[in-house]
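Here's the letter readout for the chains.
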Amino acid sequence: MTEGDIKSDEPSPLQLIAPDGTPAGDVDVGLEVAGLRELLRLMIRARRLDRQCMALQREGELTVYPPFEGQEAAQVGSAFALGPDDFVFPSFRELAVAVARGVDAVEYLRYHRGTWHGGPYDPIANRFAPICVPLATQIVHAVGWALGAKLDGKAACSIAYFGEGSASEGDFHEGANLAAVFRAPMILFCQNNCWAISVPLQEQIAAPIFRRAEGYGFPGVRVDGNDVLAVYSVTKAAAERARAGDGPTLIEAVTYRIGPHTTSDDATRYRSEEEVARWRERDPIERYRRYLLGAGLADDGFAAACETDAEAWVAEVRAALTALDAPPASEVFDFVFAEPPATFARERERFLEGRERGHA
Amino acid sequence: MPEFTMVAALNTALREALTNDPRTLVFGEDVGELGGLFRVTEGLQREFGRERVFNTPIAEAGIAGMCIGLALAGWRPIAELQLDGFSYPALDQIISHVAKYHERTRGRAPMPIVIRIPSFGGIRGKEHHGESPETYFAHTAGLKVVVPSSPLDAYRLLSLSIADPDPVIFLEPKSRYSAKEQGELTDEGPRIGEARLLREGGTCTVISYGAMVARCLEAAERLAGEDVECSVVDLRSLVPLDVETIATSVRVTGRAIVVHEAPRTLGMGAEIAARIMEEAFDHLGAPVMRVTGFDTPYPPASLEQHYLPSVDRICAAVREATTWVR
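From first to last, the protein sequence lines are chains A and B. Residue numbering for the first sequence follows my numbering, beginning at 6 and increasing consecutively. Residue numbering for the second sequence follows my numbering, beginning at 3 and increasing consecutively.
Hint data in this document are derived by calculation from the structure and do not stem from the laboratory. It cannot be assumed that every hint is accurate.
Rough simulated footprint, nothing fancy, chain A against chain B, three-plus residues with beta-carbon under 8 Å [stated by the list, open to error]:
1) 75-83
2) 99-111
3) 154-163
Reference listing, derived: stretches of chain B covered by chain A, where coverage requires no fewer than 3 residues with Cβ under 8 Å from a Cβ of chain A [claimed, not checked]:
4) 52-62
5) 142-150
6) 232-245
Built from N, CA and C at the ideal position, the CB exists for glycine as well.
The whole structure should be built from the sequences, with the hints applied where relevant.
Have a look at this one:
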């Protein structure tokens with residue numbers, strides 16, 4: 006089990022590139038060579054950064070970190086399909102989306118460094134909402150943004166990222182129904198990575214997630230989440246549909262979390278090495294590298310250059326991140342209110358006085 | 003002199019906000035053609051259209067959560083949660099996001115959100131229709147929490163809440179919806195965070211908010227006949243709390259009674275009593291006393307008069323404080 010499905014008779018997810026890198030469908034997704042190569046470059050950057058974050062956590066430089074290894078195609082492929090005005094509502098495992106969207110990685114990682122909560126980057130300028138930990142709650146935020154964009158007559162959509170575990174939360178259902186009723190220009194993007202911490206798919210849901218869309222009144226599509234071109238293709242179509250005023254789409258990207266839930270988790274307690282090994286064979290980056298090479302769209306030199314580029318970039322991020330100290334103590338108070346109440350201002354003064362006297 | 007019910011005053015505040023600021027939106031369950039269960043939004047959808055004033059599906063978490071996205075898109079959401087007892091599904095969104103988004107984003111995401119909730123008892127309601135949810139919100143950093151006690155102040159407070167840059171939980175005392183008051187509607191006067199001294203007397207300070215303010219005034223009137231002169235403070239705003247006005251009065255009277263519908267344990271009375279001890283301990287001639295609901299679920303209609311603070315209970319507490327012997 007845990008092959009991304011709970012029933013064996015479900016149709017296979019949409020796939021354009023087979024796990025061995027050979028074309029499995031119409032691979033013309035409307036990208037020029039530069040775009041096709043950029044997908045590989047971004048996935049390699051994302052993976053290098055993810056592994057570096059795991060290392061930094063083990064070195065004590067980061068607090069708990071949730072790795073996304075194995076989900077690079079789902080995240081980069083979908084993010085790459087968005088337009089500059091579209092707005093991302095991530096959960097807490099979407100660092101690769103942030104990388105693909107150009108969010109400053111150091112600002113993003115301040116959250117895991119423990120120097121601020123999950124939104125120190127400018128969410129409005131970046132079109133990227135703060136990291137959202139309460140599961141599925143960001144889906145209704147995305148509905149609100151989409152409704153706001155629609156009222157403004159903007160041709161833009163929002164995309165809410167969540168996992169298959171989150172799809173059991175009430176906010177998923179409220180968000181999906183609200184999006185449908187308001188014909189909100191949005192994408193509900195589910196990364197079905199087979200595990201909700203230690204709970205496997207068959208203990209979470211009794212029918213495939215993409216099928217739920219029909220009940221709400223909009224399309225649901227299932228895509229191979231380890232196939233970056235397929236993910237790009239379905240997300241681009243969903244975004245175009247949303248911007249054209251045709252309402253939301255639910256995308257279920259079937260993928261796999263190669264690492265633990267977070268650095269605090271021990272995945273060997275609940276799943277087998279064999280299962281992980283089977284999914285490693287479907288590695289999204291290796292699959293896409295082989296495809297590009299096989300199709301003559303890139304050569305070994307390009308792939309090697311991607312690795313060098315990623316290595317240098319990750320070293321820069323690491324240096325900047327480890328240089329980050331705790332912000333001034335007053336910042337505990339500084340952003341709670343736009344107009345702080347007088348009582349609150351007095352508490353802040355007492356706090357700062359206490360620190361000066363060495364009481365805190 | 004014009005006269006307004008609280009419903010009419012609130013309706014006017016909403017109408018003016020929709021007129022003056024094209025970025026304001028009013029939405030919630032039944033707020034459209036019906037005008038809300040209590041008619042606070044009556045006529046607004048017809049006047050401003052279905053884009054600015056709209057019904058939502060029954061999804062309280064969704065209503066509160068949509069406020070976040072709308073605010074990120076530059077709108078000023080004014081949401082209605084239909085009833086106190088049905089606002090709890092929205093608590094996760096309100097506590098985890100509405101209250102924290104400004105801080106999480108280091109102030110980069112303004113959250114000018116108003117969430118209106120018809121609240122409190124005294125309407126012979128069924129279970130879930132007489133709740134006092136104020137402390138859940140007041141205990142959550144990042145929210146402002148206001149409760150009007152009269153029509154004119156309801157207009158002022160709602161206008162100020164809509165103009166406020168921070169999220170405001172606006173609790174409307176259902177039992178005062180049809181109360182009338184004469185005067186002009188204006189947002190001049192006390193701000194959010196400022197209490198009103200409605201009556202000045204030197205013997206005891208009675209502190210309350212919402213529907214209980216009227217009972218406190220009635221008690222003060224009755225006690226005046228016994229030569230016991232009370233000051234009555236209408237808090238209006240629970241967060242920010244006007245500690246200064248409370249303490250200034252208690253420093254004169256030396257006695258304080260806090261009156262609220264909510265259960266006694268960890269209610270606003272506990273916080274106010276603690277603040278009085280911090281600010282005016284040396285002036286106290288008697289312990290701060292509380293006249294409140296009880297640590298029970300809100301009772302059925304035929305019993306609610308025993309639960310709500312009555313004028314008799316308020317008077318008895320004042321007499322106990324004024325005759326306190328150390």
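Query raised in the report: Which hints from the list above does the structure break, by number from lowest to highest?
Result: 3
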